[in-house]
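Trainee: For reference, the chains in residue letters:
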Amino acid sequence: MTTEELIASGKLELYVTGSLTPEEIPEVEDAIATSSEVRKEIEHIEITLLNLAEAVAPPLPAMVWTYILNSIRNVRSIGDSKSGTNWSAITGWAAAILCIGGIFWMLQQNNSLEDELQVTNTENIDLEDKLQLSQGELAETNDILDVVRSKDYKTILLPGNQAVAPDAFAKVYYNSKDKIAYIDATGLPTPPSGKEYQVWSLIMDPLTPTSVGLLSKVSDNAKKVYKFENIPDPEAFGITLEPEGGSESPTLSQLYTLGAVAP
Amino acid sequence: MEQPNALIIEMQNGNETAFSKIYSLYSEAIHGIIYSIVLDNDVAEEVLQDVFVKVWNNSKSYNIKKGRFFTWLLNIARNAAIDNTRSKASKNAKKNLSTSNFVDILSGSDNLNQTTNAIGIKKFVDALKPTCIKIIDLLFFKGFTQVDAAKTLEIPLGTLKTRNRNCIQDLRTMVLG
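Read top to bottom, the protein sequences are chains A and B. Counting along the first sequence from 1, when you hit position 39 you're at 39 in UniProt numbering, and nothing is skipped either side. Counting along the second sequence from 1, when you hit position 134 you're at 134 in UniProt numbering, and nothing is skipped either side.
Simulated from the structure, these hints should not be mistaken for laboratory data. We put the beta carbon where it would ideally sit given N, CA and C, even for glycine. Among the hints, erroneous ones may be present.
Derived list of chain B stretches under chain A, where covered just means 3 residues or more per stretch with a C-beta under 8 angstroms from a C-beta of chain A [unchecked claim]:
hint, stretch
1, 5-13
2, 22-31
3, 63-72
4, 141-153
5, 166-174
Computed cross-link-like contacts, SDA-like style, restricted to lysine to any residue with a CA-CA straight-line distance of at most 20 angstroms [as the list claims (entries may be wrong)]:
hint, chain 1, residue 1, chain 2, residue 2
6, B, 151, A, 40
7, A, 171, A, 189
8, A, 151, A, 37
9, B, 65, A, 36
10, A, 223, A, 196
11, B, 54, A, 70
12, B, 65, A, 24
13, A, 195, A, 179
14, A, 40, B, 71
15, B, 65, A, 225
16, B, 66, A, 30
17, A, 227, A, 178
18, A, 223, A, 180
19, A, 171, A, 71
20, B, 66, A, 33
21, A, 40, B, 172
22, B, 65, A, 180
23, A, 40, B, 66
24, B, 129, B, 166
25, B, 65, A, 27
26, A, 227, A, 258
27, B, 66, A, 41
28, B, 60, A, 73
29, B, 60, A, 71
30, B, 21, A, 66
31, B, 21, A, 72
32, A, 227, A, 182
33, B, 88, B, 66
34, B, 21, A, 73
35, A, 171, A, 225
36, B, 66, A, 29
37, B, 66, A, 37
38, B, 21, A, 43
39, A, 179, A, 204
40, A, 40, B, 162
Please put together the full structure from these sequences, using the hints given.
Mentor: So this is what it looks like as structure tokens:
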């Protein structure tokens, strides 16, 4: 088909309106590529149809272009965020996970802290008990010290009985005015089981022993200092080992210490 | 009209200015095509917006070596407009593709484009043969294939081709002088 024949065939018009079959298109496109006459013809057909279509168009508001511009800009930004990594979402999720993790961690910390607090509280109670005990002991010791320092108390050394316990000794702090005696039993050996020491006040002439009391639980009393009251004016103090519970009269064969009250 | 290939390539590379120039060149004609199908001002504007957004987003699917840019635009516009009328066909039965053509639009002058060209075309179109009106309407405005147009008009394919050429030739002498 020559160029003139092609132009006359009406295929170019159909090509512009998009009505050609796909098989007919290559022929026209080859002709367009090689013949400027065909190109010109195509352009004339196109401008004619373009003008016809424009004539049919109602007035076109400028706003339409604004809408198009807005939507291609929106479309572009949405497209970007879709194609790229959505950092804001990732950051959001990461923050949420961190937050939840943090809450669990803090709960755990809180639990362990509560446990520690309980342990500490128990320890505190324990320490308070010990402190009270220490304070009690201190007060006791201070009392004893006061007694030792006091001018109202006489110090009487009861040396060991050579026959029974040569190394034993005891000390008596005696207030004759208030009739109070403190016995320091540090120097006495621990009594065998079933036995305990008994303190006696003695009048020498005639020999009259009066029981002052028992040094019970010698091993439990750390300071081994015993207080006795209402003691009749004695001339001497003696300590004997007696069966548990004490005896009516002293077992002289078990006399551990004996000492006279200085006038 | 010589095809603005440089502008088309710039637009394909994402240049908005080139796109706006292409819009100025083609938007009115495309608006006319869309309006001749949807027959409603607001709907036509809506479809036109959609069409040019599509043109921007899919500009790279057009190949300068394969077909005219105007033909490519025509296909997008006619398809969008026809899709729109189909989706609205059940709502508004009165609007029908076959009952209105571009001559009816040109005759109902209230909506007319007020350019001298349009007035000239209106005069000419008033004198167009009814066969020409049918052929141009189907092939150009409604996007029928030549086979479908020939069947619809009940004429042989060869006759359709020559008649279409003659009709456009007549129109062309009027438009281009």
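Trainee: Hint by hint, say whether it matches the structure.
Mentor: Each hint tested on the structure:
1. 5-13: Contact hint for the stretch 5-13 of chain B vs chain A: violated, 0 residues under 8 angstroms.
2. 22-31: Since three or more residues must qualify, the claim that chain A covers the stretch 22-31 of chain B holds, with 7 doing so at under 8 angstroms.
3. 63-72: Since 6 is at least three, the answer is holds.
4. 141-153: holds (count 7)
5. 166-174: holds (count 3)
6. B:151 x A:40: violated (31 angstroms)
7. A:171 x A:189: holds (14 angstroms)
8. A:151 x A:37: Given that 20 angstroms is the threshold and the Cα spacing comes to 147 angstroms, the pair is violated.
9. B:65 x A:36: holds (15 angstroms)
10. A:223 x A:196: holds (17 angstroms)
11. B:54 x A:70: holds (13 angstroms)
12. B:65 x A:24: holds (16 angstroms)
13. A:195 x A:179: violated (27 angstroms)
14. A:40 x B:71: Cα-Cα ~16 angstroms, so holds.
15. B:65 x A:225: violated (122 angstroms)
16. B:66 x A:30: holds (10 angstroms)
17. A:227 x A:178: holds (12 angstroms)
18. A:223 x A:180: holds (18 angstroms)
19. A:171 x A:71: violated (111 angstroms)
20. B:66 x A:33: holds (11 angstroms)
21. A:40 x B:172: Answer holds: residue 40 of chain A to residue 172 of chain B is near 13 angstroms, not above 20 angstroms.
22. B:65 x A:180: violated (132 angstroms)
23. A:40 x B:66: Roughly 17 angstroms separates the two Cα atoms, so the pair holds.
24. B:129 x B:166: holds (11 angstroms)
25. B:65 x A:27: holds (13 angstroms)
26. A:227 x A:258: Holds: residue 227 of chain A and residue 258 of chain A sit about 18 angstroms apart, inside 20 angstroms.
27. B:66 x A:41: Roughly 17 angstroms separates the two Cα atoms, so the pair holds.
28. B:60 x A:73: It holds: about 17 angstroms lies between the C-alpha atoms, which stays within 20 angstroms.
29. B:60 x A:71: holds (18 angstroms)
30. B:21 x A:66: holds (14 angstroms)
31. B:21 x A:72: This hinted pair holds, its Cα atoms lying about 15 angstroms apart.
32. A:227 x A:182: holds (4 angstroms)
33. B:88 x B:66: violated (33 angstroms)
34. B:21 x A:73: Holds: residue 21 of chain B and residue 73 of chain A sit about 17 angstroms apart, inside 20 angstroms.
35. A:171 x A:225: holds (9 angstroms)
36. B:66 x A:29: With Cα atoms ~7 angstroms apart, residue 66 of chain B and residue 29 of chain A stay inside 20 angstroms; holds.
37. B:66 x A:37: holds (18 angstroms)
38. B:21 x A:43: Distance of about 19 angstroms is within 20 angstroms: holds.
39. A:179 x A:204: holds (18 angstroms)
40. A:40 x B:162: holds (19 angstroms)
Going down the numbered hints, you'll see the structure goes against 1, 6, 8, 13, 15, 19, 22 and 33, while the others check out.
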